[in-house]
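**Q** When you get a sec, could you build the whole thing from the sequences and use the hints?
Mind the numbering: the sequence shown is residues 18 to 128 in the numbering used here, read in order.
Just so you know, these hints were derived from the structure itself, not from any lab. Just so it is clear, the structure is predicted and the values come from calculations on it, not from any experiment. Be a bit skeptical, because a hint or two may be false.
[Claimed, not checked] Okay, derived cross-link-like pairs now, DSSO-like style, lysine-lysine, Cα gap no bigger than 27 Å in a straight line:
1. K68 - K43
2. K40 - K24
3. K24 - K43
4. K68 - K24
5. K68 - K40
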Amino acid sequence: MSYSFAKTVSMSFDEAIANVTEKLNKEGFGILTEINVQETLKKKLDVNFRKYHILGACNPPYAYQALQAEPHIGTMLPCNVIVQEFEDGSVEIAAIDPAASMQAVENPALA
18 MSYSFAKTVS
28 MSFDEAIANV
38 TEKLNKEGFG
48 ILTEINVQET
58 LKKKLDVNFR
68 KYHILGACNP
78 PYAYQALQAE
88 PHIGTMLPCN
98 VIVQEFEDGS
108 VEIAAIDPAA
118 SMQAVENPAL
128 A
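**A** Here it is in structure tokens:
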């Protein structure tokens with residue numbers, strides 16, 4: 018079983034970040050964190066890496082419900098969505114498969 022969903026999109030890297038942020042907002046998710054992996058790796062390791070952002074998305078009602086059902090679920094929050102640009106210029110958006118990640122928790126209330 019795959020642990021994520023991914024889709025290549027026909028837009029620029031910056032447009033993809035704006036687009037996924039807007040679509041998540043429409044579904045009740047806010048972006049709590051945004052990690053610029055390219056910038057961080059350059060700063061910490063002085064290495065060049067492709068454009069790669071990790072967006073930490075959260076839907077407060079879902080998060081609250083999950084936290085009530087499973088005390089350690091916070092280790093899996095927020096839900097990460099990545100936007101990355103490959104060497105050929107293609108841009109991909111990927112997100113964790115919630116069904117796959119919840120199988121590891123083994124709590125029927127989160128199924």
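**Q** Now tell me, hint by hint, if it's right for this structure.
**A** Each hint, compared with the structure:
no.	hint	result
1	K68 - K43	25 Å, holds
2	K40 - K24	14 Å, holds
3	K24 - K43	19 Å, holds
4	K68 - K24	16 Å, holds
5	K68 - K40	21 Å, holds
Going down the numbered hints, you'll see the structure goes against none, and every one checks out.
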